[in-house]
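Each chain is listed here by its residues.
There are 2 protein chains.
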Amino acid sequence: MFEFELLAQDGQARAGRLITPHGVIETPSFIPVGTLASVKALSTKDLLKIGTQVIIANTYHLHLQPGEDLIAQMGGLHRFMGWDGPLMTDSGGFQIFSHGAGREEDVGKIALPSPEQEDRGGHFSAKKRRRLVEVDEDGVEFISYLDGSRHRFTAERVIEIEQKLGADIILVLDECTSPLHDYRYTKAAMDRTHRWAVRALDFFQKSSRGDQAIFGIVQGGTYQDLRRESALFISGLGFDGYAIGGALGKSKREFYQVLEWTAPFLPEHKPRHLLGIGEIEDIFEIIERGIDLFDCVTPTRMARTGTLLVRGAERFRLNLLNARFKTDHRPIEEGCNCYTCINHTRAYLRHLFLARELLGMHLAAIHNLYFIESLVRRIRNAIKGGRLRNLKREWLEKQQ
Amino acid sequence: MFEFELLAQDGQARAGRLITPHGVIETPSFIPVGTLASVKALSTKDLLKIGTQVIIANTYHLHLQPGEDLIAQMGGLHRFMGWDGPLMTDSGGFQIFSHGAGREEDVGKIALPSPEQEDRGGHFSAKKRRRLVEVDEDGVEFISYLDGSRHRFTAERVIEIEQKLGADIILVLDECTSPLHDYRYTKAAMDRTHRWAVRALDFFQKSSRGDQAIFGIVQGGTYQDLRRESALFISGLGFDGYAIGGALGKSKREFYQVLEWTAPFLPEHKPRHLLGIGEIEDIFEIIERGIDLFDCVTPTRMARTGTLLVRGAERFRLNLLNARFKTDHRPIEEGCNCYTCINHTRAYLRHLFLARELLGMHLAAIHNLYFIESLVRRIRNAIKGGRLRNLKREWLEKQQ
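Protein chains in written order, with my numbering: chain D, 3 to 402; chain V, 3 to 402.
It is worth saying that the hints were derived from the structure and are not from the lab. Where hints are given, some of them may not hold.
What the hints assert, rightly or not - Simulated restraints, written as ranges between beta carbons of each label pair:
| id | chain 1 | residue 1 | chain 2 | residue 2 | range |
| --- | --- | --- | --- | --- | --- |
| 1 | D | R81 | V | Y147 | 43 to 49 Å |
| 2 | V | E336 | D | G13 | 51 to 57 Å |
| 3 | D | E287 | V | E316 | 55 to 61 Å |
| 4 | D | R326 | V | A10 | 39 to 45 Å |
| 5 | D | D86 | V | E336 | 39 to 45 Å |
| 6 | D | S253 | V | K328 | 56 to 62 Å |
| 7 | D | K252 | V | E316 | 56 to 62 Å |
| 8 | D | G150 | V | R358 | 47 to 53 Å |
| 9 | V | L148 | D | N321 | 19 to 25 Å |
| 10 | V | Q226 | D | N321 | 56 to 62 Å |
| 11 | D | H153 | V | L148 | 58 to 64 Å |
What the hints assert, rightly or not - Calculated cross-link-like contacts (lysine to any residue; reagent style SDA-like; alpha-carbon spacing at most 20 Å):
| id | chain 1 | residue 1 | chain 2 | residue 2 |
| --- | --- | --- | --- | --- |
| 12 | V | K42 | D | N345 |
| 13 | D | K328 | V | E70 |
| 14 | D | K42 | V | K42 |
| 15 | D | K47 | V | K51 |
| 16 | D | K328 | V | G69 |
| 17 | D | K42 | V | L356 |
| 18 | D | K47 | V | G69 |
| 19 | V | K51 | D | N345 |
| 20 | D | K166 | V | H331 |
| 21 | V | K328 | D | G78 |
| 22 | V | K328 | D | D149 |
| 23 | V | K51 | V | H331 |
| 24 | D | K42 | D | I279 |
| 25 | V | K42 | D | L356 |
We treat Cβ as the ideally placed atom computed from N, Cα and C, and that holds for glycine.
All chains should be modelled from the sequences, with the hints used to inform the complete structure.
This is the structure:
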């Protein structure tokens with residue numbers, strides 16, 4: 003039911019096909035995030051029109067709300083959310099990090115404050131906050147952010163939950179470390195993640211009905227030897243695919259380097275997923291370093307604040323709230339074929355955001371996801387035609 | 003460019019066709035409210051699929067944000083919002099009321115607290131609040147709720163704004179009174195509304211390019227002689243259609259009576275619009291009393307709080323947040339052909355509302371508007387077939 007074919011290679015970049023019981027994913031592929039069984043402000047019909055191939059939901063969030071048993075009773079995640087295409091579930095490792103060390107230290111996957119973190123205004127406080135999570139050898143104990151109830155995830159329990167959810171591709175539980183963690187802690191967490199991976203795969207192999215694929219997760223922070231060790235260890239276990247998780251450094255440069263330290267040690271004929279990354283300026287870089295799948299909340303989150311993806315804008319971002327768009331008759335992006343660009347002007351979208359009309363978020367989300375889908379489709383074709391370098395130059399030059 | 007044909011009558015109920023430069027409205031017709039040039043949470047594509055025939059936007063709100071000049075620069079309201087079908091603009095008379103006497107006395111069109119007003123919880127305070135509006139002979143002075151800026155509407159100015167907006171059908175400025183106003187004040191306000199109507203029509207006739215129709219508004223509160231007087235006076239001016247506005251009493255009974263005191267004195271061969279009313283339980287009653295058009299925010303507002311329109315539920319309302327829908331596999335309404343019902347379960351919608359996912363509001367708005375469109379379509383057919391009484395009995399019996 004699962005197969006990954008490599009169709010073409012251009013440098014380290016790969017074009018392929020990942021076959022799942024709910025359809026084929028042409029890779030490289032961006033994966034919109036549907037944390038709570040919904041890609042924010044979009045229906046599954048909208049996603050199909052946009053060209054979305056696969057959605058990633060979140061085991062941690064769905065466990066807390068509405069619960070995996072309810073979803074299983076409703077026929078599984080596909081039927082529950084009305085999405086008949088390929089589905090993944092992330093394990094919750096990152097959420098455990100962000101409510102644990104991430105919360106305590108006020109950092110994300112990349113440690114220096116990114117513009118997003120600054121954008122969030124007062125959302126994150128600089129002072130240390132109590133962690134909601136405790137990690138031990140067996141797993142993770144955490145407190146629900148919804149109602150304060152106590153929960154426990156272990157390597158096996160997470161697989162069990164993901165089996166109830168029933169996505170096509172599931173991820174093992176990992177411990178995601180912070181870029182601020184030292185070598186010693188990062189190594190200890192990585193070793194624990196490895197032991198969890200062994201247990202998770204073992205549990206999966208005993209209980210799977212064959213309709214799900216399982217991906218392992220590489221950790222090791224920003225340490226070259228740990229990334230290499232983790233890639234080799236996790237690869238040796240024989241998962242259906244491999245995700246790269248955890249701390250990605252203190253700069254884009256370090257982040258790309260982490261990929262270079264990791265990807266070459268992953269099996270060539272298995273898909274590689276970079277967790278939680280997908281800003282436009284990163285897409286060429288990560289695909290050039292051998293990534294096949296990547297998910298990110300940024301495009302849909304930006305859409306909700308009136309930031310639209312456009313070629314030619316700084317960091318590909320147009321802030322629609324800017325007064326210069328007041329009477330701008332142009333679509334968000336000239337030449338774009340998304341529903342929003344075909345039917346609406348920048349001036350109208352700007353008005354919707356200023357008036358806090360929900361339609362603004364909906365239309366912006368359509369455009370942002372369409373923008374990424376179109377770019378990634380072009381990248382796939384460029385890889386097949388050996389033209390990836392040219393496409394990248396064209397995109398990054400226009401950016402100047 | 004404008005024509006109203008009566009096709010059939012069943013008692014006082016009428017089925018007709020209102021022809022506008024942007025298409026035909028089959029009447030009776032419900033009119034979704036797009037206050038700020040957007041029907042909340044729905045795209046124009048969604049509205050077309052739902053079967054929406056016409057949208058009503060609001061002159062008062064659009065004047066404050068983004069302003070009629072900006073909309074004119076963008077090619078008018080149709081192009082601005084991407085809606086190529088018939089459009090109306092309300093004059094702002096009701097907003098002036100609700101920010102004036104309505105705000106001061108804490109009342110709506112119907113004075114006794116309706117379940118909606120109770121639902122709103124603390125939104126309206128019982129104590130008297132400062133009015134933001136002052137009415138004089140020439141017009142209305144008001145303070146923007148957005149930025150405190152002062153604005154002035156006169157009979158002529160409102161027409162001028164509506165000409166810039168460019169809807170197919172525009173409404174004159176009126177003074178909407180409260181059900182708590184006494185006879186004396188109600189009569190004075192009605193007389194002023196009449197003088198404004200004369201001025202508005204005069205201004206319109208001198209300045210119209212022939213692509214807009216203008217509706218007069220009948221006032222007179224809950225006083226039989228005033229309603230009759232107003233209907234006759236406004237009818238005598240020769241508008242393209244007639245709206246019934248203002249205070250509608252202290253109970254449904256009184257509200258229906260106001261219609262009986264008014265509609266018979268309106269010209270038979272012109273369309274009649276009841277402003278701001280459209281709850282399901284009222285629809286049969288108002289159509290039976292000769293109403294052709296009615297607009298209401300309730301269906302879209304309810305959708306945003308998880309209240310869904312369903313036949314068989316009390317007052318046709320299903321509160322999806324109720325725990326009994328937790329694992330309900332049924333669509334919102336069995337047999338309904340809307341996008342939401344075809345694709346999603348009650349359990350999923352309930353989850354979306356509990357998780358505060360925007361998609362919930364979108365899917366609920368689709369269903370609620372589709373529900374009304376379908377009901378009104380059936381009513382149109384029943385009038386044509388002389389079966390309105392039967393349809394009403396069937397609907398209200400199933401309701402028990």
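Here's how the hints hold up against the structure:
1. The hinted range of 43 to 49 Å is satisfied by R81 of chain D and Y147 of chain V, whose Cβ atoms lie roughly 45 Å apart.
2. At about 56 Å, the beta-carbon gap between E336 of chain V and G13 of chain D stays in the expected band of 51 to 57 Å.
3. With their beta carbons about 58 Å apart, E287 of chain D and E316 of chain V fall inside the hinted range of 55 to 61 Å.
4. With their beta carbons about 54 Å apart, R326 of chain D and A10 of chain V fall outside the hinted range of 39 to 45 Å.
5. The hinted range of 39 to 45 Å is not satisfied by D86 of chain D and E336 of chain V, whose Cβ atoms lie roughly 22 Å apart.
6. For the hinted restraint 56 to 62 Å between S253 of chain D and K328 of chain V, the CB-CB distance of approximately 47 Å leaves it violated.
7. Between K252 of chain D and E316 of chain V the beta carbons are some 59 Å apart, a value that agrees with the proposed interval 56 to 62 Å.
8. The hinted range of 47 to 53 Å is not satisfied by G150 of chain D and R358 of chain V, whose Cβ atoms lie roughly 18 Å apart.
9. Roughly 21 Å separates the CB atoms of L148 of chain V and N321 of chain D, a value that falls within the hinted 19 to 25 Å.
10. Distance hint check: the CB atoms of Q226 of chain V and N321 of chain D are about 57 Å apart, consistent with the given range 56 to 62 Å.
11. For H153 of chain D and L148 of chain V, the Cβ-Cβ distance of about 44 Å falls outside the hinted range of 58 to 64 Å, so the restraint is violated.
12. At most 20 Å may separate the alpha-carbon atoms for a hinted pair to count; K42 of chain V and N345 of chain D meet this at roughly 17 Å.
13. With a CA separation close to 13 Å, the supplied pair K328 of chain D and E70 of chain V stays within the 20 Å bound.
14. Taken as a hint, the K42 of chain D and K42 of chain V pair is honoured in the structure, with Cα atoms around 16 Å apart against an allowance of 20 Å.
15. Annotation: proposed proximity of K47 of chain D to K51 of chain V holds, straight-line Cα distance about 13 Å (limit 20 Å).
16. Our distance criterion of 20 Å between C-alpha atoms is met by K328 of chain D and G69 of chain V, whose separation comes to about 11 Å.
17. Taken as a hint, the K42 of chain D and L356 of chain V pair is honoured in the structure, with Cα atoms around 14 Å apart against an allowance of 20 Å.
18. Under the criterion of a C-alpha separation no larger than 20 Å, the hint pairing K47 of chain D with G69 of chain V is inconsistent with the structure, at around 34 Å.
19. Of the supplied pair hints, the one linking K51 of chain V and N345 of chain D holds, its CA atoms being roughly 16 Å apart against a limit of 20 Å.
20. A distance of roughly 17 Å separates the Cα atoms of K166 of chain D and H331 of chain V; the hinted pair therefore holds under the 20 Å criterion.
21. The suggested pairing of K328 of chain V with G78 of chain D holds, with an alpha-carbon distance near 14 Å, which does not exceed 20 Å.
22. Between K328 of chain V and D149 of chain D the CA atoms are separated by roughly 18 Å; this keeps the pair inside 20 Å, and the hint holds.
23. Between K51 of chain V and H331 of chain V the alpha-carbon distance is near 24 Å, which puts this suggested pair outside the 20 Å criterion.
24. A distance of roughly 18 Å separates the Cα atoms of K42 of chain D and I279 of chain D; the hinted pair therefore holds under the 20 Å criterion.
25. Distance hint between K42 of chain V and L356 of chain D is fulfilled; the C-alpha atoms sit about 14 Å from each other, no more than 20 Å.
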